[in-house]
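**Q** So the chains spell out like this:
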Amino acid sequence: MLTPNERERYDRQTMMREIGEKGQEKLKRSRVAIAGGGGLGSPIALYLAAAGVGTLRMIDHDRVSLSNLNRQVLHWEGDIGRKKVNSAGTKLKKFNSAVQIEAIAKTITEDNASTLLEGCDAIVDAMDNLPSRYILNRCAIEKKIPFFHGAVNGFEGRAMTILPGKSACLRCMYRGSIPQEKFPVIGVTPAVIGCIQATEVIKYLLGIGQLLINRLLLYDGLELTFNEFTVLRNPECDHCGSLSTPLLPGAGQKE
Amino acid sequence: MKINVEFMGLPMITDIMGKKKLELDLSGNTVKDVIDELMKRYGQKVKEAFYDREENFDLMVQTVLNGKSFIPADKHDTPLKEGDTLTFMLLLAGG
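Going down the list, the protein sequences come from chains A and B.
The first sequence finishes on residue 255 if you use our numbering, and the numbering steps up by one all the way, no holes.
The second sequence finishes on residue 95 if you use our numbering, and the numbering steps up by one all the way, no holes.
Think of the hints as simulated: they come from the structure by calculation, not from any bench.
Since the structure is predicted, the reported quantities are computational estimates derived from the model, not experimental observations.
Backbone N, C-alpha and C fix where the C-beta goes; we use that ideal spot for every residue, glycine too.
One or more hints might be untrue.
[Unchecked claim] Taking lysine to aspartate or glutamate and the EDC-like style, the derived pairs with C-alpha atoms no more than 16 Å apart in a straight line are:
hint : chain 1 : residue 1 : chain 2 : residue 2
1    : B       : Lys21     : A       : Glu236
2    : B       : Lys20     : A       : Glu223
3    : B       : Lys68     : A       : Glu228
4    : B       : Lys20     : A       : Asp220
5    : B       : Lys19     : B       : Glu6
6    : B       : Lys75     : A       : Glu236
7    : B       : Lys19     : A       : Glu223
[What the hints assert, rightly or not] Partial chain B-side listing against chain A, Cβ under 10 Å, derived:
hint : residue
8    : Met8
9    : Ile13
10   : Leu59
11   : Gln62
12   : Val64
13   : Gly67
14   : Lys68
15   : Ser69
16   : Pro72
17   : Asp74
18   : His76
19   : Leu80
20   : Gly83
21   : Thr87
22   : Leu90
23   : Ala93
[What the hints assert, rightly or not] Listed next, with one range per pair, are the computed distances between beta-carbon atoms:
hint : chain 1 : residue 1 : chain 2 : residue 2 : range
24   : A       : Pro131    : B       : Asn66     : 26 to 32 Å
25   : A       : Lys106    : B       : Gln44     : 51 to 57 Å
26   : A       : Ser65     : B       : Arg41     : 30 to 36 Å
27   : B       : Asp25     : A       : Gly20     : 55 to 61 Å
28   : A       : Leu232    : B       : Lys21     : 35 to 41 Å
Please model the complete structure; the sequences and the hints are all you need to start from.
**A** What follows is the structure, given as structure tokens:
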């Protein structure tokens, strides 16, 4: 049940036929893990909190530094030195006090990923390196939790939604690894991609629309173009190849 | 054989070429032949963008055939057909 305050707060979105009060209640009951509290994690967390997602699990081992502030809009000058999950949690609670924040200041590893992501309805990729993304991808597939990929560099961004066992995963596309390096980026790029990821999460939780599955979205901010590549599921994928491959329904609906 | 080649977000290559798309008239028929032809045409800097010092193909460069098949570096012997489009793009890992 929504409270009178929630009815008023979410009025502009519950008036949408696709959402309504029932949809809002679904969002309220949902728990979303956001892996990374930086450039992508900031807009993802803000907009999921704005939309009324009930519980956000923020996972990030890092502390805020001055050079984060060109893009990580949840962290401000006074937060330098604070743990990012705490800095983010403070802002998100002030923004929407009803949202439960589960702040986990840990590095995601092969060993702890399953525990850290336990009980979540969706996992959002807001990482800054490929090895961690592979860990999340594998864990999401093992736990059959939808995974919402996003990545940025400079003015460019990519996004794809992964429904384990039903659509291509990150590993169907990418192999090998690359060293974790300092990458160039301007804040508006993760803002665009993070909002696309948040849009996908909301659609998935509500069971509406067409998800970005088997499609890699390619955003180029300099050219201001959006393109798509088809990503085919690789039957020999070392992460998802062993899962069955039922025919995809017209839309990626939440089960 | 004519192959369309396009680049996404690889300024280290496109700045040298002065363009992001081109049509190659290729004597060979594989992905590797395309890369070899680009290096022949545009020189050492393009080679350095594709390969590291140990002559391994740079894992930051992704190769995609006709906007749907991701071709890993160990499958560069993949044959191409007349009119195919090969896209080279930067693997993004930032967040």
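**Q** Could you tell me which of the numbered hints above are not met by this structure, giving the numbers in increasing order?
**A** Numbers 1, 9, 18, 19, 20, 25, 26, 28, in rising order.
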